[in-house]
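Asks: These protein sequence lines are chains A and B, in that order. Residue 69 is where the first sequence starts when you use our numbering, and the numbers rise one by one after that. Residue 5 is where the second sequence starts when you use our numbering, and the numbers rise one by one after that.
Don't read these hints as lab results, they were simulated from the structure. Possibly wrong hints are sitting among the right ones.
[Unchecked claim] Every beta carbon over 12 Å from chain A, so not counted as near; a handful from chain B, in silico: (1) Arg20; (2) Cys29; (3) Ala90; (4) Gly151; (5) Ala182; (6) Arg185; (7) Leu193; (8) Gly238.
[What the hints assert, rightly or not] A few chain A residues that face chain B, going by a derived Cβ cut-off under 10 Å, partial list only: (9) Ser70; (10) Val72; (11) Lys78; (12) Asn142; (13) Ala154; (14) Ala205.
Glycine included, each C-beta is placed from N, C-alpha and C at the ideal position.
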Amino acid sequence: MSAVRAELVKLRTVRSTPITLALAFCLSAGLGVLLGSAFRSTETANFDPLFAAFYGVTLAQIPLVAFAVLAIGNEYRSGTIRASLAAVPRRGRFLAAKIAAVLVYLVPAAAVTVAAAFLSAQAALGARGVGPGDAGAPEALVGAWIHLVLIGLFALGFAVLVRSPVVALGVLLPFLLLGSQGLGNVPVVRRVTQYLPDQLGWVIMHLAGDQDDPRWARDYGPWTGLALLALWAVAALGAGYAALRRRDS
Amino acid sequence: MRGVLELRNLSKRYGRTLAVDDVSCTVRPGRVTGFLGLNGAGKSTTIRMILGLDRPSGGVALVGGAHYRELENPLRHVGALLEGSAAHGGRSAYHHLLWLARSNRIPTARVRDVLRQVDLDDAGRRPVRGFSLGMTQRLGIAAALLGDPPVLLFDEPTNGLDPAGIRWLRDALKGFAAEGRTVLVSSHLMSEMALTADHLLVLVGGRLLADTPLPEFVAAHGCLEDAFLELVSGAGR
């Protein structure tokens with residue numbers, strides 16, 4: 069517990085924490101309003117009010133990913149990592165404390181981000197909007213929440229592995245931005261790209277298109293997608309832990 | 005046993021280079037042990053291995069008979085000032101010490117005590133990025149003292165200190181030794197070591213070539229600098 073308390077002090081006393089978390093909220097609320105307004109009067113064949121709510125999450129996840137990356141990346145950049153490992157020399161305990169402290173911020177921040185995206189979009193949709201209890205919505209809301217938490221943990225593990233916030237964000241951001249352009253729906257490559265970490269939450273968030281239509285149907289269901297994302301997160305954290313144990317600091 | 009630092013056949017290999025080559029010695033409490041060597045002699049690597057930051061290629065480093073990585077609340081056993089282990093620039097000195105204190109169950113009151121001890125109590129709330137080199141170094145010393153440890157390791161502590169800071173550090177190091185602590189100080193400033201150390205360890209190309217009381221080491225040459233350079237050049241031949 070003492071290691072967790074130390075990690076909480078660290079996150080509380082850097083500016084990147086409030087900045088990234090506030091940015092996630094503003095992006096999700098703002099994009100919700102924009103997307104909701106856009107769909108309010110546009111006639112589309114397969115209108116899905118949940119698409120308007122969660123499309124903004126694909127961009128709002130970027131500051132949350134930055135938060136998770138900076139939580140460890142800043143230590144490598146400043147050299148604080150040596151003081152950290154001298155204070156908590158057991159690598160497993162150090163990483164577990166880091167994960168726990170990140171979750172203390174990430175779990176509520178992700179919930180607020182998802183709620184902001186949903187409520188702003190549905191309000192902007194006006195009569196076409198749905199409530200949080202309507203068909204498919206509860207599942208999508210919980211799914212989006214879990215997606216954000218897992219993608220943050222994946223990013224944290226990756227940042228431990230590469231030991232640099234610049235490298236971690238340089239790899240993760242283009243990949244998340246490309247993903248938001250529908251990489252998992254591109255016909256030729258989608259057999260593979262649908263399994264990329266940022267794509268696996270798309271079915272449950274109603275972003276992958278009509279799953280009854282063979283053009284869009286993915287090879288996994290909504291919850292299986294999240295389970296696969298959880299595997300990515302575990303794999304990234306596991307690789308980060310193995311590297312942390314083995315290498316010199 | 006508490007406070008004794010023991011290196012047994014400690015080695016570190018980077019590719020084909022042996023940075024630390026089979027070093028064995030015991031660093032005892034109650035005196036200042038100077039750890040001398042040219043740049044790249046392996047001093048910092050040795051200190052990082054003691055702290056479990058770098059993995060030895062061979063041998064062990066024991067603190068009070070235990071591996072550093074196995075110590076519970078290690079900052080209460082060993083305090084270290086390392087090169088390049090800076091505080092996050094946006095964090096204040098107080099908060100840097102606060103997280104260190106939390107991590108090892110050290111009372112919060114110690115944070116103010118050590119800030120006062122290194123004369124940073126006024127600057128404690130300011131972000132570290134505005135600190136001078138000397139202030140950063142004093143913060144590092146405060147961090148080492150935080151857990152009131154019986155063993156203190158200082159890697160080039162005089163870097164960036166002004167004359168008043170150097171005098172303060174010298175008196176502090178002697179004071180820690182007089183309190184019965186084990187004090188290991190690496191340096192390549194011979195004149196400073198001549199004034200501070202009681203005992204010397206000399207590393208040349210990763211090998212420990214001297215483990216001797218200061219007066220004995222100096223005796224044959226009249227001054228520490230001559231004795232040191234003689235040893236270094238002799239090893240090169």
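Asks: If a hint holds in the structure, say so; if it does not, say that too.
Replies: Status of the hints after comparison with the structure:
Once the 12 Å rule is applied to beta carbons, Arg20 (chain B) is consistent with being away from chain A; the minimum gap is 17 Å. With a closest Cβ-Cβ approach of about 21 Å to chain A, Cys29 (chain B) is found to remain outside the 12 Å limit, as its non-interface label requires. Some Cβ of chain A comes within 12 Å of the Cβ of Ala90 (chain B); the nearest lies about 5 Å off, and the non-interface call is violated. Listed as outside the interface, Gly151 (chain B) is inconsistent with that label: its C-beta sits roughly 9 Å from the nearest C-beta of chain A, within the 12 Å cut-off.
With a minimum CB-CB distance of about 25 Å to chain A, Ala182 (chain B) clears the 12 Å threshold, and the non-interface call stands. Residue placement check: Arg185 (chain B) keeps its beta carbon more than 12 Å from all beta carbons of chain A (closest about 17 Å). For Leu193 (chain B), the shortest C-beta to C-beta distance to chain A comes to about 23 Å, beyond the 12 Å cut-off, and the non-interface label holds. At roughly 31 Å from the closest C-beta of chain A, the C-beta of Gly238 (chain B) stays outside 12 Å, upholding its exclusion from the interface.
Satisfaction of the interface hint for Ser70 (chain A) is found here, the shortest Cβ-Cβ separation to chain B being roughly 5 Å, below the 10 Å cut-off. The beta carbon of Val72 (chain A) is positioned within 10 Å of a beta carbon in chain B (closest approach about 9 Å), and the interface hint is therefore held. For Lys78 (chain A), the shortest C-beta to C-beta distance to chain B is roughly 5 Å, which falls under 10 Å, so the interface hint holds. Given the 10 Å rule on beta carbons, the hint for Asn142 (chain A) holds: about 6 Å separates it from the nearest Cβ of chain B.
Among the interface hints, the one on Ala154 (chain A) holds; its C-beta lies about 5 Å from the nearest C-beta in chain B, closer than the 10 Å criterion. Hint status for Ala205 (chain A) relative to chain B: violated, with the closest Cβ pair at about 40 Å, above 10 Å.
Checked against the numbered hints given earlier, the structure breaks hints 3, 4 and 14 and satisfies all the rest.
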